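Going down the list, the protein sequences come from chains A and B. Residue numbers are given in the numbering used here: position 363 of the first sequence equals residue 363, and the series is strictly consecutive. Residue numbers are given in the numbering used here: position 85 of the second sequence equals residue 85, and the series is strictly consecutive.
Among the hints, a few may not be true.
Beta-carbon label-pair distances, calculated as ranges [to be verified]:
no. : chain 1 : residue 1 : chain 2 : residue 2 : range
1   : A       : Glu281    : B       : Gly35     : 44 to 54 Å
2   : B       : Pro78     : A       : Arg347    : 44 to 54 Å
3   : B       : Arg83     : A       : Ala424    : 21 to 31 Å
4   : A       : Thr75     : B       : Thr13     : 32 to 42 Å
From the structure, some residues in chain B lie toward chain A, with a derived Cβ separation under 10 Å [what the hints assert, rightly or not]:
no. : residue
5   : Pro7
6   : Ala23
7   : Val29
8   : Ala30
9   : Ala32
10  : Asn37
11  : Cys38
12  : Pro46
13  : Cys51
14  : Glu58
15  : Gln73
Because the hints were derived from the structure by calculation, they are not lab data. Fair warning: this is a prediction, and the values are worked out from it, not measured in the lab. Cβ atoms here follow ideal geometry from the backbone N, Cα and C, with glycine treated the same way.
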Amino acid sequence: MTTQSHLAHRFQTLIVGSGPAGIAAATCAAEAGHRVGIIDDNPNPGGQIWRSLRGQSTPDTSHGDGASEWYRRLTATSATRLQGWSVFDQPEAGIVRAERQGGTVHLHYDNLIIATGARERFLPFPGWTLPNVMGVGAIQAMVKGGLPVAGKRIVLAGSGPLLLAVAATLRAAEAIVVCICEQASLRQLAPFALGLAADPAKIMQGLRYKAATLDVPFHTSAWPVEADGDGILRSVTILHHGEKQQISCDYLACGFHLVPNTELAAMLGCRIEADNVAVDELQRTSISNIFCAGEPTGIGGLELSLIEGQIAGLAGAGQDKEARLLLDKKRRASHFADRLAAAFALRSELKELPQETTLVCRCEDVPYGSLKQHHSWRAAKLHTRCGMGPCQGRICGTATHFLLGWNADSVRPPLLPVRIASLASLEAPLNSATSNTQETP
Amino acid sequence: MSEQMRPEQIQITIDQQSITVAAGSTVAVAIALAGLNCRTSVTGEPRGPLCAMGICFECRATVNGIAHSRTCQLLCEPAMDIRTQ
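Using the sequences and the hints, build the whole thing.
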């Protein structure tokens, strides 16, 4: 296809996000006969959990968790796949615009399905801005993106089931996983572990991780209090059952469970309730032609994301009856989500992690000391520029929500910093570019 | 990870140095392998990727002349010109 700066497509169902929920939604809507588009800002489909391995353009199918089957089903449909594109605004109802290196596209939709997934929650502590301190999912993404970690000493810390999953990935890549530090107490985790045993599929998952991480010390009630280095990470100090321990390492991967990516839904005016996108049982948001599936409706994991994606895809294509057949499965998977939230709830001691000089906003380098004298996110933003950098508060806003109980402002377009040329982009004729082939950057 | 043939190598330029990386590597990984930081913060701190999934913008650099590109979301391509910020 020739390169044009502004392309336009029209879809009956447009899905934003090509992780498990998005892939399931696109597949079901397309199989139901809809003209479907699926757009995502990663170079390859799969989202985070099925992120492709270096050199491959297909989702990671090595875990036997349905990735292979779902991707096969998706590619058997005529859905148009747009990878490497970031949706940044909605110039008018029924049209969103997206950008990638050097181009803009206008996407018309009858139904929109938001499947934007989740991100890691990062909490500031002294030294967390040093290079080689990154997220837990982040180091997994870097390894899948080609970062060699064989022989590297890595400390995994924070909270959530991702810690164990990523330990397995790192061990397979021949890294030395020094220890895993989970902030939750054993007492808090126990009901979750017992709950897992009630579900055979999850027992298998749990066993696999356990086997792979057999030699890795797993500490509960443990979290990082300081990272040290000279321009690059050298060591981390862990507080474990009240005792400090300094551990030398090459990487500290630290993330405190997940938070839903609700910015697109919020920008479009969908109702947000208790930090999640509010949906009815068929995944419809407060706007009747906009659906939401997967983590943005509440952190629930892979199984629930796939079910919600199918329901949204079917309901969007008018197949409510078929969608309702999945409601029992959805209810069961939701119980798992509830247990997940209870097990990995953050302890209040973590609010004491940042010192006066610890940077909270990494875009504008705003320290905690100058932030906490303000009484709201809005006031802090106006006085310190906190949250006004390129991440638009996605990192520091999530942190101050936990640390100070602040709620972020309403979301305004553009959703991410875009070039002036993209903001000024006009629409090309609708027939200028339509294709069923995958477009990659 | 499964044993594979040695991956195809490609040439890119980072801060005017010629670097060889395995095809399919992300630009963020290439910068790390070159021993460089992606950017310097407003108060002069070195920074590298934090989220590696397109959210935090800590890995931003100028790629083929486009400033503030999220290098974790970009795959290396032959002759790519990368400038750290």
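Quick rundown of the hints versus the structure:
{"no.": "1", "hint": "A:Glu281 to B:Gly35: 44 to 54 Å", "in the structure": "holds, 53 Å"}
{"no.": "2", "hint": "B:Pro78 to A:Arg347: 44 to 54 Å", "in the structure": "holds, 49 Å"}
{"no.": "3", "hint": "B:Arg83 to A:Ala424: 21 to 31 Å", "in the structure": "holds, 25 Å"}
{"no.": "4", "hint": "A:Thr75 to B:Thr13: 32 to 42 Å", "in the structure": "holds, 35 Å"}
{"no.": "5", "hint": "Pro7", "in the structure": "holds, 6 Å"}
{"no.": "6", "hint": "Ala23", "in the structure": "holds, 6 Å"}
{"no.": "7", "hint": "Val29", "in the structure": "holds, 4 Å"}
{"no.": "8", "hint": "Ala30", "in the structure": "holds, 8 Å"}
{"no.": "9", "hint": "Ala32", "in the structure": "holds, 6 Å"}
{"no.": "10", "hint": "Asn37", "in the structure": "holds, 5 Å"}
{"no.": "11", "hint": "Cys38", "in the structure": "holds, 8 Å"}
{"no.": "12", "hint": "Pro46", "in the structure": "holds, 5 Å"}
{"no.": "13", "hint": "Cys51", "in the structure": "holds, 5 Å"}
{"no.": "14", "hint": "Glu58", "in the structure": "holds, 6 Å"}
{"no.": "15", "hint": "Gln73", "in the structure": "holds, 6 Å"}
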